[in-house]
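Asks: First to last, the sequence lines map onto chains A and B.
In the working numbering, each residue carries its 1-based index in the first sequence increased by 125.
In the working numbering, each residue carries its 1-based index in the second sequence increased by 2.
No wet-lab data here; the hints were simulated from the structure.
Quick caveat, the model's predicted, so the values are computed rather than measured.
Any given hint might turn out to be false.
Here are the simulated DSS-like cross-link-like pairs (lysine-lysine), alpha carbons at most 25 Å apart as the crow flies [stated by the list, open to error]:
| # | chain 1 | residue 1 | chain 2 | residue 2 |
| --- | --- | --- | --- | --- |
| 1 | B | K157 | B | K233 |
| 2 | B | K176 | B | K156 |
| 3 | B | K69 | A | K147 |
| 4 | B | K31 | A | K127 |
| 5 | B | K327 | B | K220 |
| 6 | B | K51 | A | K147 |
| 7 | B | K298 | B | K283 |
| 8 | B | K69 | A | K146 |
| 9 | A | K267 | B | K233 |
| 10 | B | K24 | B | K176 |
| 11 | A | K146 | B | K31 |
| 12 | B | K182 | B | K205 |
| 13 | B | K157 | B | K220 |
| 14 | B | K176 | B | K274 |
| 15 | B | K69 | B | K256 |
| 16 | B | K274 | B | K253 |
| 17 | A | K146 | B | K24 |
| 18 | B | K205 | B | K156 |
| 19 | B | K51 | A | K127 |
| 20 | B | K253 | B | K283 |
| 21 | B | K176 | B | K70 |
| 22 | B | K31 | B | K205 |
| 23 | A | K196 | B | K176 |
| 24 | B | K220 | B | K253 |
| 25 | B | K253 | B | K157 |
| 26 | B | K327 | B | K156 |
| 27 | B | K51 | B | K31 |
Read off the chains here:
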Amino acid sequence: MKQRLMLRVNGEDYELFIEPKKTLLEVVREDLGLTGTKEVCDLGSCGACTVLVDGRPVLSCLTLAVASSGKEITTIEGLRKGEDLHPLQHAFIVNGAIQCGMCTPGFILTAKAFLDEHPHPTALEVWEAISGNLCRCTGYVKVVEAIMSASSEGGVPEGGRLEDQNDGGEVLTPEMGE
Amino acid sequence: MRLPSFEYLEPRSIEEASRLLKEQGDEAKVIAGGTDLLPSMKHRIFRPKSLIALDRIPDLDRVAFDKKGGLRLGPMVRLHALGNHPVILERFPMLRQAANAVGSPQLRQMGTLGGNLGLDTRCYYYNQSSFWRSCRSVCIKMGGETCNAVGGGKKCFAVFSGDLAPALIALGAKIRLFSKEGERVLSLDDFYSGNGAEPLAKKPDEMVTGVEVPPPPKGALSAYYKYRIRKSIDFPLAGVAACLAVDKREKVCKEARVVISAVGQRPQAIGKIGELLRGRKLEAPIMEEASNLAFKTAKPVANTGSSPAYRGFMIKVFVRRALEKAAEGNGA
């Protein structure tokens, strides 16, 4: 049973008539024609569908459209200002962080939300922040370098490279904390 | 993958939500973050006629602390908030570790405390699409008579896969449940049935309204250890939460609460380890005995990633590690 829904996406208000079973991903792509957001795993394991909801990175494939009214939704299309790309978009291009491009919108939005909260991260912090976004092409190094360069507004600082990553192994074994 | 059709209900209070849940019975499911429920619906494991959303109910995401009563958490506190809240950073480092261990950054923005505690049990033969499952018999968890994971299995071996529960149980947490009949508070340990097919020991129309965590004993050391193949996204394949009160000078253990997880149908507190260690000096032989106790309690079967042998062994390694670090007196 379709119901009326108001969504605010990239600063614009849309009135929609959709069924509750539509995910935000489906609505953004099929009803709004914003195909920058990609469907990849559709199950919450890859991050390609990441959009920002009230500035927070969430998986649109697991978000119901009907649960998204009254919120500010940002897709990749919402990052550029007129003709100007967002610094993150520019950084990804010049640092060679894009190959097939399927994962890129999700990465950029995750990175934007992260840098908004942590403007000067270490490389390890960037690796952890993007750990919910998978890429089958690049091997991540240039993605991290791009995000690091966007964070320091120019130049690729040390710390973006694989050997700078603290390899703690695949088990989480923290110190016993008081 | 498309979701099946459903009616979307948005109650404005817990009372209204509970009333809807009782009216709809097992035709309805409660939805919080949706990160566990929606994938299962996409796989047609569940096809509820209606979803009862909790995110329009105000005040369910409170985090409050006072020195006497301890921590009071609402069921809709997002995992990201749990992992970053100042009072949790300061006073409950293990809870922060456990919350930050869940999933990925995006999943932690969406997932909730209540949702992670109520996480469905998982099995390689259950968490699959309807097409994949149609090639095998209907399993016990889906209402059938056979287990596809364990040949000849007469019960469900689906694995409890949440990260918060073992940590909260080790901290002595209580859970608050609400229904029309009233509210009740029980130890979080008692919230889990041990039945892989029906993992939660609550009535169908009961809803989680809060979790309460007493202040940890002064100087207690705690940590949550999680084994998974990758460093993010994955569910635990073995988990240990340990909370130990140790006399640092003498290295004598005063109290030990060790909870193992992801190697059975429920998180398992091992009271025998507490009994063994109480009043004893933390030296190699007794730490080895304690970690062996944990190893024997773990009952992994071949229905997740990694192997049962490796997962069982990691339980032993984690318990041993927790005790060694506590003996060294490592603070956070």
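Asks: Each hint: holds or not?
Replies: Results for each hint:
This hinted pair does not check out: B/K157 and B/K233 have alpha carbons roughly 32 Å apart, beyond 25 Å. A C-alpha spacing of about 32 Å is found between B/K176 and B/K156, which places the hinted pair above 25 Å, so the restraint is violated. Of the supplied pair hints, the one linking B/K69 and A/K147 is violated, its CA atoms being roughly 45 Å apart against a limit of 25 Å. With a CA separation close to 20 Å, the supplied pair B/K31 and A/K127 stays within the 25 Å bound.
Among the hinted pairs, B/K327 with B/K220 is consistent with the structure: their alpha-carbon atoms are about 17 Å apart, no more than 25 Å. As the CA atoms of B/K51 and A/K147 are separated by approximately 15 Å, the hinted pair is consistent with the 25 Å bound. Restraint check for B/K298 and B/K283: the C-alpha separation of about 22 Å stays at or below 25 Å, so the hint holds. In summary, the hint linking B/K69 to A/K146 is not supported, as the alpha carbons are separated by about 45 Å, beyond the 25 Å threshold.
Of the pairs offered as hints, the one joining A/K267 and B/K233 holds, with about 19 Å between alpha carbons and a cut-off of 25 Å not exceeded. Of the supplied pair hints, the one linking B/K24 and B/K176 holds, its CA atoms being roughly 24 Å apart against a limit of 25 Å. With a C-alpha separation of about 14 Å, the suggested pair A/K146 and B/K31 falls inside the 25 Å cut-off, and the hint holds. Note on B/K182 and B/K205: the hinted pairing holds, with a Cα-Cα distance of about 11 Å set against a maximum of 25 Å.
Distance check on the hinted pair: B/K157 and B/K220 sit about 42 Å apart at the alpha-carbon level, beyond 25 Å; violated. Between B/K176 and B/K274 the CA atoms are separated by roughly 21 Å; this keeps the pair inside 25 Å, and the hint holds. Distance check on the hinted pair: B/K69 and B/K256 sit about 22 Å apart at the alpha-carbon level, within 25 Å; holds. Restraint check for B/K274 and B/K253: satisfied, since their Cα atoms lie roughly 20 Å apart, inside the 25 Å limit.
Taking the CA atoms of A/K146 and B/K24, the gap is about 22 Å. The hint holds against a cut of 25 Å. This hinted pair checks out: B/K205 and B/K156 have alpha carbons roughly 24 Å apart, not beyond 25 Å. For a cut-off of 25 Å, the pair hint linking B/K51 to A/K127 stands: about 15 Å separates their Cα positions. With a C-alpha separation of about 6 Å, the suggested pairing of B/K253 with B/K283 holds against the 25 Å cut-off.
Restraint check: the Cα-Cα separation between B/K176 and B/K70 comes to about 15 Å, which is no more than 25 Å; the hinted pair holds. Straight-line distance between C-alpha atoms of B/K31 and B/K205 comes to about 13 Å, which keeps the hinted pair within the 25 Å bound. Note on A/K196 and B/K176: the hinted pairing is violated, with a Cα-Cα distance of about 33 Å set against a maximum of 25 Å. Distance hint between B/K220 and B/K253 is fulfilled; the C-alpha atoms sit about 16 Å from each other, no more than 25 Å.
The straight-line distance between the Cα atoms of B/K253 and B/K157 is roughly 43 Å, outside the 25 Å bound, and the hint therefore fails. Note on B/K327 and B/K156: the hinted pairing is violated, with a Cα-Cα distance of about 40 Å set against a maximum of 25 Å. Our distance criterion of 25 Å between C-alpha atoms is met by B/K51 and B/K31, whose separation comes to about 8 Å.
Hint violations for this structure: numbers 1, 2, 3, 8, 13, 23, 25 and 26, all remaining hints satisfied.
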